[in-house]
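Novice: Respectively, the protein sequence lines represent chains A, B and C. Counting from 1, one number per residue, gives the positions in the first sequence under this note's numbering. Counting from 1001, one number per residue, gives the positions in the second sequence under this note's numbering. Counting from 2001, one number per residue, gives the positions in the third sequence under this note's numbering.
Accuracy of the hints is not assured; some may be wrong.
What the hints assert, rightly or not - List of simulated lysine to aspartate or glutamate pairs, EDC-like, C-alpha gap at most 20 Å:
no., chain 1, residue 1, chain 2, residue 2
1, A, LYS34, C, GLU2175
2, B, LYS1141, B, ASP1090
3, A, LYS751, C, GLU2154
4, B, LYS1079, B, ASP1022
5, B, LYS1079, A, GLU144
6, A, LYS68, A, ASP148
7, A, LYS34, C, GLU2114
8, A, LYS651, A, GLU488
9, B, LYS1079, A, ASP148
10, B, LYS1079, A, ASP71
11, A, LYS751, C, GLU2175
12, A, LYS34, C, GLU2154
13, A, LYS31, C, ASP2112
14, B, LYS1065, B, ASP1099
15, B, LYS1065, A, ASP148
16, B, LYS1079, B, GLU1097
17, C, LYS2089, A, ASP46
18, A, LYS48, C, GLU2153
19, A, LYS34, C, ASP2124
20, A, LYS34, C, ASP2112
21, A, LYS68, B, ASP1062
22, A, LYS751, C, GLU2153
23, C, LYS2089, C, ASP2063
24, A, LYS31, C, ASP2124
25, A, LYS48, C, ASP2063
26, B, LYS1002, A, GLU727
27, A, LYS602, A, GLU612
28, A, LYS68, A, GLU146
29, B, LYS1079, A, GLU134
30, A, LYS318, A, GLU824
31, C, LYS2033, A, GLU134
32, A, LYS161, A, ASP312
33, B, LYS1002, A, ASP726
34, A, LYS31, C, GLU2107
35, C, LYS2089, A, GLU488
36, C, LYS2158, C, GLU2175
37, A, LYS48, C, GLU2107
38, B, LYS1105, B, GLU1072
Note that these hints are calculated values from the structure, not bench results.
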Amino acid sequence: MTETTVTPERPLVVEEGDVKPGFIGQSVPRKEDKRLVQGEGVFFDDVKRHEMGYVHFVRSPYAHARIKSVDVSKALELDGVYGTLTGDEVAILTDPFFELSTPPGANIKDYALAVGRARHVGDPVAAVVARTRELARDAAELVEVEYDPLRHVLDGEESLKDEVVLHEEAGSNTVWSGVFDWGDFDAALADADHVVRIERLHFDRFSSTPLECSGCLVEYNRGTGQWTIHGNHQMPGVGAIWMAPALRVGIDKLRFVSQDIGGGFGNKITLHPQYTACCLLARKLNRPVQWTEWRTDQHTANTHGNERTFLDVTVPVKKDGTMLGFFVRAIDDCGAFPRYEPLGCIIWAQVTPGCYRWRNVRVDFTQVCTNKSPVAPNRGYSRMQHLWLTERIVDIVASELGLDPIEVRKKNYVKHEEFPYETPNGCVYDSGDYARCLDIALDLIGYDSLEEKRRDAESRGKLFGIGIGSTLDSGTNNFGQSMLLNPELQFSGNNEVATVKLDIFGEIVVTLGTVPQGQGHETTASQVVAEILGCTPDDVNVRAGHDTYWNSTAGFSGTYASQFAVTGLGAVKGAADKLAGEMKQLAAAVFGCSPDDIELVKSQARIKGNPEAALPFMALGAILNANNAGLPPDLDVTLNVRYVYRPPFEKPDLERKFGNLTLTYATQIHACALEIDPETGVYDIVDYAAVDDCGNRIHPQIVDGQVHGATAQALGAATHEIFTYDEEGNLLTPNFYDYHVPHALDMPPMKNGFIESESPFTPLGAKGMGEGGGAGIHAVCAALQNALGRRGEGPIVWRSCNPYEGVWDLLQKPEETRKLVSVESR
Amino acid sequence: MKVTGEKQFEAPPDTVWLVLNDPAQMAQTMPGVESFEIQDDRHWRAHVKIPLGLGGLRMSIDFEKMEEREPEFAKLHAKGNGVGAVLNMDTSFHLSETDGGTNMKWEAEVHLLGPVASMGQRVLQPIVNQQVSQVLGALDKQVQEAKAGPMTSTEGP
Amino acid sequence: MLRLSAASGLVLATQKLGSITGRDTNLNAVSRKTITIDVNGEQYEREVDARRLLIHFIRDDLDLTGSHIGCDTGNCGACSVLVDGTLVKSCMMLAVQADGAKIETVEGLAADGELNGLQQAFSDHHALQCGYCTPGMLMSATALLRENKSPSEEEIRKGIQGNICRCTGYVNIVEAIRAAAQ
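The shape of chain A in the complex, shown without the other chains (with noise of 0.2 Å):
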């Protein structure tokens, strides 16, 4: 039944301690560090412009409210305020936001500020300019608002009801729902010997909070129209593609400009009401205005994870262990308005049998408007949510019915001889080794002495588990999955640019259309391009950071998603070449040879062979520049080259929404050792290994890093970080006071692996790994699992996040979570 319609050209897995040739694959010295640990980096914050003004937001403090009046006459009677902006203006100034959904989220009316009504705690209702910060902040407290509260809806499934409905242009709280059914799960279920349900799991609303708030300074020239946006937006094509309409210009209107960036984990992505609020203030005011986000506005009201309720689990199981399938009804809690959603309603299905052979998935999925911050791609995006629920279901199948979790996981997982796999909806996993990855993380964790350490722990009183986290980083959109959404969106497949050049001086300058937010796009870049033009890559000049008018962006530039190596190196490796092209050719000229005759060796196009007759870089540069006179008039060379690279992509069926969704597939698998207190319900992770696969490792330090990365932020999430609310909707965590992110005392002790399955669809046979798939959350869960429950006896770990109190709920009433698992044997 499945075609595969690729074969892969070279081996799928490299072993281990093959050395590389060039540059690529070594951990060169980083480009960004010497600005960086100088103070010498280019934040948003630190550029300054003359009379610049500053902005501060004035704030619903109602979770939903009308707004019925809005009174900035004192504001700007105060001396140093500039002006204002509130909703009523940018009703008139702009249209709203572009909605992706299909009716009902499609009549959903969002603006840069709230308009008649403000639908969460930190709802931006109007905007004050001033002289100093401090100002702008006194002055947004002489603004006077009006607020008629409403009732409001903080719970997905009572949201459902739509007995309160966020915006009545809609009419309902739903903003997308649909069915998803492959393979033929009701056969599956009646050719189970055991059928495992699980009432209710719930994945936490959390996010990865980066360190710089978010935040622009923007310019308009009244001349031209023009806006230049100096920010952090992390994917400012798809920014303008929002905000051009919106503002009634042109895309080109909208500069976008960036150079360091202090994180932004998806967290940057969905700024532009924001952007456009400051837009207009700009050239309503004729001068500068620049905002900084506060930290309580980042985590109040930009934004947070998708937080995801699964019901009515169902998971057909044979005598052997096999699982066969699964049904899920899910639902999906937004915040108060969707923006880049409802794509994260599709993009879990990227990974729809997680690292399992399962053919038989059947997915009921709604995702509705709560009166909470909004989400936007935070790290993982939907697809940590959906890989969590999958190793939810392997631990507790295997709990329940009494089998191992490792031996289940290797029966189930894909196997290395399957790869290319394709998945039941269409998906096309490239590599991987999921048994052996789990392998080397039992082996670092010393699974074997297992049993001592459990006896050990025991001795103290404690209860010892340990569990595993595997996970899938899916990278490199196709972004035709957003057409299985809503038929009518004209997105598919991707892109990203990359120039290269060679200057007069035989310089080598190369921009990216790339947003890295710390990533070392720079030094790999430089590291693929040292590589092909025979240079090092000292002499490769990357420019630093973004800038829309490098001519080096297209529609889906930025950084998201795991998909630099990719895509962005993709596009490097397809300029570098094209420029290796010609500098052959015009060297092939000079000389009077063929162009098959030059190599490119220490910074020299030379003929092969004849080491004596070599131009060096700078002569190729002068001659073409400076000195042109007498070339063959049909030598067609620039040696300014401009390369788009796009992924082998085909639009989705939309009838069986079958498809390959994403281009490559990196593996983590994470294995936790942790004791508990069951005095307290405090628990130690005593040991940690993780085990990481993304292919080729262009600059295995950067690997690494992203995989610690990657892990605090998931242990973090497993055991403290969660954003909860109160009754009247106000955030309980709105700030680094409430909201503990893991310091350096928190981290476990972290053994590192790894093995390298190429892909064989990549320019680079490496694969996007930035996100990671959040295995640390899938292996705390799973840890904690197996210090809490006995076959059949036992608490359930049924949410994300388990933070000590949880731990004890769970140790103290273990019957109220054993009832949401039922096993039915035949």
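Got chain A sorted already, so can you dock chains B and C onto it with the hints?
Specialist: Here is chains B and C on its own, set in the frame of chain A:
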């Protein structure tokens, strides 16, 4: 959050009623009142400073008498604004005659919004409890004075 | 109270701390003060609002943008600097409180563009990704190493406990500080 309570006064219901319904006297029972203005017999505004860690939370609170049945029942609505805090409160009290005095049953539904509410969640209950006991203590004193001396007309501070 | 000095055109005012309320248009101007601060060996004399935070003074008034702001509650450590040799979160201090003090920021670590041992170790060990927490980390590490020339891993982790990093998981940061100590 909801707060309820009961209190006994050694004074007749008429006396307690007059104290409760006289804005000037009520102002003296409320903790932290720095000034107040009477708009009419159903509306008044108080400027208060509620102790909240260092310094205090300053608020302007508008009171509106929604309903009353002299001398046994009254319902008030309060709406307050301060830096980082919005307060909405509905409170009502019932008076009944007892042997030698008055029984007052009261309840309040308090909604606190804004960053102060988010960050102050943990200490909110104790502060509310403290405020309530202060009000009741001051009320007692007011009622004693009213019982003792002639009932004077309103004189604002 | 409001006093107008017609001659100088300056508005001098006094106001109780914390008495800025939500609905008062008679907002008095905040008092200003002239302060002298030594930063990385250079003397600066500036007039500032009494309420200006030290971190804003360093970043906005002195244009030393190496120290960063990551939160509004003094939890993240991105603004860490040394004030008279003591590690301080400069968002938790007013500029006027630093009058007469000697401040060291990340800009003072390298000499003539030559990275010091700690900075080099950070780069060698990939102890930074986005670089936003890095200046604060470097100042905390500097303070630690001045006090303790060969800290254990536990002591290193404790020394940077007040610095949040979201990118690295701290693994390489601890390695870098350990390497720099040797």
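Novice: For each hint, tell me whether it holds in the structure or not.
Specialist: Going through the hints against the structure:
Taken as a hint, the LYS34(A) and GLU2175(C) pair is honoured in the structure, with Cα atoms around 18 Å apart against an allowance of 20 Å. The hinted pair formed by LYS1141(B) and ASP1090(B) fails the criterion: a straight-line CA distance of about 24 Å is larger than 20 Å. The suggested pairing of LYS751(A) with GLU2154(C) holds, with an alpha-carbon distance near 17 Å, which does not exceed 20 Å. Only pairs whose Cα atoms come within 20 Å are accepted, and LYS1079(B) paired with ASP1022(B) is accepted, the gap being roughly 19 Å.
The straight-line distance between the Cα atoms of LYS1079(B) and GLU144(A) is roughly 14 Å, inside the 20 Å bound, and the hint therefore holds. Between LYS68(A) and ASP148(A), the direct Cα distance comes to roughly 7 Å. Compliance with the 20 Å bound is thereby established for this hinted pair. A C-alpha spacing of about 10 Å is found between LYS34(A) and GLU2114(C), which places the hinted pair at or below 20 Å, so the restraint holds. Proposed proximity of LYS651(A) and GLU488(A) is supported: the alpha carbons are some 13 Å apart, at most 20 Å.
Note on LYS1079(B) and ASP148(A): the hinted pairing holds, with a Cα-Cα distance of about 12 Å set against a maximum of 20 Å. In summary, the hint linking LYS1079(B) to ASP71(A) is supported, as the alpha carbons are separated by about 18 Å, within the 20 Å threshold. At most 20 Å may separate the alpha-carbon atoms for a hinted pair to count; LYS751(A) and GLU2175(C) meet this at roughly 14 Å. The suggested pairing of LYS34(A) with GLU2154(C) is violated, with an alpha-carbon distance near 28 Å, which exceeds 20 Å.
Pair hint LYS31(A) plus ASP2112(C) holds up; C-alpha atoms about 18 Å apart against a cutoff of 20 Å. Taking the CA atoms of LYS1065(B) and ASP1099(B), the gap is about 29 Å. The hint is violated against a cut of 20 Å. Distance hint between LYS1065(B) and ASP148(A) is fulfilled; the C-alpha atoms sit about 19 Å from each other, no more than 20 Å. Annotation: proposed proximity of LYS1079(B) to GLU1097(B) is violated, straight-line Cα distance about 31 Å (limit 20 Å).
For the hint pairing LYS2089(C) with ASP46(A), the CA-to-CA distance comes to about 19 Å; that is within 20 Å, so the pair holds. Simply put, LYS48(A) and GLU2153(C) have alpha-carbon atoms about 40 Å apart, too far for the 20 Å limit, and the pair is violated. A distance of roughly 11 Å separates the Cα atoms of LYS34(A) and ASP2124(C); the hinted pair therefore holds under the 20 Å criterion. Annotation: proposed proximity of LYS34(A) to ASP2112(C) holds, straight-line Cα distance about 13 Å (limit 20 Å).
Annotation: proposed proximity of LYS68(A) to ASP1062(B) holds, straight-line Cα distance about 18 Å (limit 20 Å). The suggested pairing of LYS751(A) with GLU2153(C) holds, with an alpha-carbon distance near 16 Å, which does not exceed 20 Å. Distance hint between LYS2089(C) and ASP2063(C) is fulfilled; the C-alpha atoms sit about 18 Å from each other, no more than 20 Å. For the hint linking LYS31(A) to ASP2124(C), the alpha-carbon distance of about 11 Å falls within 20 Å, and the restraint holds.
Restraint check: the Cα-Cα separation between LYS48(A) and ASP2063(C) comes to about 9 Å, which is no more than 20 Å; the hinted pair holds. Annotation: proposed proximity of LYS1002(B) to GLU727(A) holds, straight-line Cα distance about 12 Å (limit 20 Å). For the hint linking LYS602(A) to GLU612(A), the alpha-carbon distance of about 13 Å falls within 20 Å, and the restraint holds. For the given pair, LYS68(A) sits about 5 Å from GLU146(A) by alpha-carbon distance, which is consistent with the 20 Å threshold.
Straight-line distance between C-alpha atoms of LYS1079(B) and GLU134(A) comes to about 27 Å, which puts the hinted pair past the 20 Å bound. The suggested pairing of LYS318(A) with GLU824(A) holds, with an alpha-carbon distance near 12 Å, which does not exceed 20 Å. Straight-line distance between C-alpha atoms of LYS2033(C) and GLU134(A) comes to about 16 Å, which keeps the hinted pair within the 20 Å bound. Using a Cα cut-off of 20 Å, the hinted pair LYS161(A) and ASP312(A) holds, with the two alpha carbons roughly 18 Å apart.
In summary, the hint linking LYS1002(B) to ASP726(A) is supported, as the alpha carbons are separated by about 14 Å, within the 20 Å threshold. Distance check on the hinted pair: LYS31(A) and GLU2107(C) sit about 18 Å apart at the alpha-carbon level, within 20 Å; holds. Taken as a hint, the LYS2089(C) and GLU488(A) pair is broken in the structure, with Cα atoms around 52 Å apart against an allowance of 20 Å. Between LYS2158(C) and GLU2175(C), the direct Cα distance comes to roughly 14 Å. Compliance with the 20 Å bound is thereby established for this hinted pair.
The hinted pair formed by LYS48(A) and GLU2107(C) meets the criterion: a straight-line CA distance of about 18 Å does not exceed 20 Å. Straight-line distance between C-alpha atoms of LYS1105(B) and GLU1072(B) comes to about 10 Å, which keeps the hinted pair within the 20 Å bound.
The earlier numbered hints that this structure contradicts are 2, 12, 14, 16, 18, 29 and 35.
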